[in-house]
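Undergrad: Turn these sequences into a full structure, and let the hints steer you where they fit.
Chains as they are written, first to last, in our numbering: chain P, 670 to 1079; chain R, 670 to 1079.
Check before you lean on any hint, since a few could be wrong.
Identical chains share a label here; the pair holds if one copy fits it or two copies do between them.
Subject to a maximum C-alpha distance of 35 angstroms in a straight line, what follows is the list of computed DSBU-like cross-link-like pairs (lysine-lysine) [said to hold, decoys possible]:
hint: 1; residue 1: LYS846; residue 2: LYS940
hint: 2; residue 1: LYS940; residue 2: LYS1032
hint: 3; residue 1: LYS870; residue 2: LYS848
hint: 4; residue 1: LYS940; residue 2: LYS848
hint: 5; residue 1: LYS703; residue 2: LYS940
hint: 6; residue 1: LYS1079; residue 2: LYS1031
If you're looking for bench data, these hints aren't it; they were derived computationally from the structure.
2 protein chains.
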Amino acid sequence: MSLATPKPELDLSVFRFAERMGRLKASAIREILKVTEMPDVISFAGGLPAPELFPVTEFAQACQEVLAHDGPAALQYSVTEGYPPLRRWVCDYLARTSHIEANPDQILIISGSQQGLDLVGKVLLDPGDLVIIENPAYLGAIQAFDAYQADYLNVETDDEGMRTDDLVRVLGAARRKPKLLYLVPNFQNPSGITLSLQRRKAVISIAAEHGIPIFEDDPYGRLRYSHEPIPSLMSLAGGRGCVYMSTVSKIMAPGMRVAWLVIPERALYEKAVPAKQAADLHTSSFTQRVVYAFARAPGALEAHIAGMLPVYARRRDLMLRALERYMPPGCSWTRPDGGLFLWARVPESIDTQDLLAHASGKKVAFVPGAPFWVNRDVRNTMRLNFSNASDDMIVEGIRRLSDLVKAALK
Amino acid sequence: MSLATPKPELDLSVFRFAERMGRLKASAIREILKVTEMPDVISFAGGLPAPELFPVTEFAQACQEVLAHDGPAALQYSVTEGYPPLRRWVCDYLARTSHIEANPDQILIISGSQQGLDLVGKVLLDPGDLVIIENPAYLGAIQAFDAYQADYLNVETDDEGMRTDDLVRVLGAARRKPKLLYLVPNFQNPSGITLSLQRRKAVISIAAEHGIPIFEDDPYGRLRYSHEPIPSLMSLAGGRGCVYMSTVSKIMAPGMRVAWLVIPERALYEKAVPAKQAADLHTSSFTQRVVYAFARAPGALEAHIAGMLPVYARRRDLMLRALERYMPPGCSWTRPDGGLFLWARVPESIDTQDLLAHASGKKVAFVPGAPFWVNRDVRNTMRLNFSNASDDMIVEGIRRLSDLVKAALK
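TA: Following this line, the structure appears as structure tokens:
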């Protein structure tokens, strides 16, 4: 069996960012980089989908179709809002899969979800503005909002996601009105937790009461392996006061850099378009058409997603079973219904940054949880990715990780 | 003969931006949109390369090659700095074509030049910071820097480009030290003018004396139809104090959204990378590889450029001859050695915005010059694009335009 793993390129960036923010120790960073760059390390550190599942053949066919039938337009400049047939398809797709009723004039095609975070930050945030986020929170959002010098109000989470009692407390204590409530309701990064239906309704009602727009970031929603889908906040709120974002990165391929914002509020949409234009004119005319050519083929995307789900579900289950089997007492972890990550907690005596600093001996990598915590110093958590490792690697990697934890407890 | 022109999609954006800036009259905007949206208008308003010259077949082959040999990596997340083989190719290309000596660690692959403008703005500019620009100036740069609330110092230009006597005057009068000197030295947008060698040397020396970094934006440099190339400011300065940008948009295709920044100063590069990461993680792994697959094929890119040059040269010559033939006395225009645009001046009694408001009757479109002027109210100029119209359309369009001007003089 081969335990070789592809070089986890973007794994490194999260550490570099955390280092700049002073959220990880410099010594830990050096060890982390050393571990993740080792050729035969088993890495649960990345956030990468499984490349062996990418629809390479379908994309090859889509490229040929686009260039054969629409080559000059696919290679030319195009409108900032996005390729109109793709925007229409996004509306159909969202209506079918997320009960979101949007029209193409509310869709802004963007160059990956990270650009959506940047544009919403650019349009809505001035230095010192407050953003409500989950604790722990998605690091890419913090990185984007940090560029606009946002401050954060962190709301505690439990197994049902953002705690609405804590949201009320946080809002009551806020010195001024927050500009945005940002959350990842499905299989959150880093925790893997899903916001319950009751909490979604409560979040909407609290945000509406305080007049705070909700930014619903939903990259993983289609990657559900157990239980029934829960309606999006956007659909529950009938679009009022919400911005919704999803992407092809997890259902097709991240290398295309195609995602979309749904912005029902006209005034906000009309600020987002010139912000996007100033940022990069428009997303690649070519990749937009390639994504559309794949997506519009009847049944193709759903068949592709249906093929991925059992693979990811099995990897999640393998990781959960391996954790049960190998981890020492005093450890706990989330049991996500979908997505790419789970979140583990080890006894408080262990700092997972120090743990990783010893991981090179065991050739296993993970992301220490500290940088995901906002305004809180929590040292004993870690994010584990289960989507980008083979079955054998998952079991062996968790065994190695458990050995590390056990050694640290001695 | 068909006079139909493709819908000039991005033509509209320049007007919308100018409107927001209060640089064009609202009534003129409505007329402009009406004219440019007419199906059988001859438009010199766009900034589009000729789509019939795009290397569609070469890109189709490149897509197949990339997906057949490197599919999973081409569809996966990748590093923010850009695809390493493409960064190495950019260095070879710049050394060969622009005498720029750079190493791959100084190259940042970006999602089109507009993103380079945005990132440099994000990294260098705080609200109220001063940017030195040419007058008239490239509107996309103003749009990008406006997002960071820059103020502008406008330096007058003549047939040799930025006037260095005026640069000295402007610097002497500046209340504080400017943060950046931005220019398009080759076949500038909108004027078509090229900065002379002597002026390049003077600009470098003045900027160095004042400690102001130069941002050299060179999208059109390879599209030279007459006279010899002039060394880039980057090469003349040996890289010191310069940031250089070029793109595949005009030598391959803009729809790919692939360009590059050359940033020799390490500290600046290390700020630009996280800014890029926060903005969109990285440029499409797929389009970067497709561009590289095309570019590395021996002789392919140079053959493609060699095929474009005579077409564009002929269109430029046709437009110049038609202007000579049809325009009334009192008009003048630039004679660009390359690029996509020329810049025309009509008698001062004519406001080109009003002229365009009457253009729907003649079914010809152009961009009124007013929005390109910074801190100056100049009404009698216009930008004419010669790259995106057939030979017949150019002659007929200039005839119609001249009729408009003549009618306005009566």
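Undergrad: Against this structure, judge whether each hint is valid.
TA: How the hints compare with the structure:
For a Cα distance limit of 35 angstroms, the shortest separation of LYS846 from LYS940 qualifies both inside one copy, at 21 angstroms, and across copies, at 31 angstroms. In this assembly of identical chains, the alpha carbons of LYS940 and LYS1032 lie at most 35 angstroms apart only when taken from different copies (32 angstroms versus 48 angstroms within one copy). When the C-alpha separation of LYS870 and LYS848 is checked against a cutoff of 35 angstroms, the pair qualifies only within one copy, where the shortest distance is 20 angstroms, while the shortest distance between copies is 49 angstroms. For the identical chains of this complex, LYS940 and LYS848 are neighbours both inside a copy (15 angstroms) and across copies (27 angstroms), given an alpha-carbon limit of 35 angstroms.
Proximity of LYS703 to LYS940 under the C-alpha cut-off of 35 angstroms is restricted to the inter-copy arrangement: shortest distance 23 angstroms between copies versus 43 angstroms within a copy. With identical chains, the CA atoms of LYS1079 and LYS1031 are at most 35 angstroms apart within one copy only, with a shortest distance of 17 angstroms there and 87 angstroms across copies.
Figure legend: structure checked against the earlier numbered hints; every hint is met.
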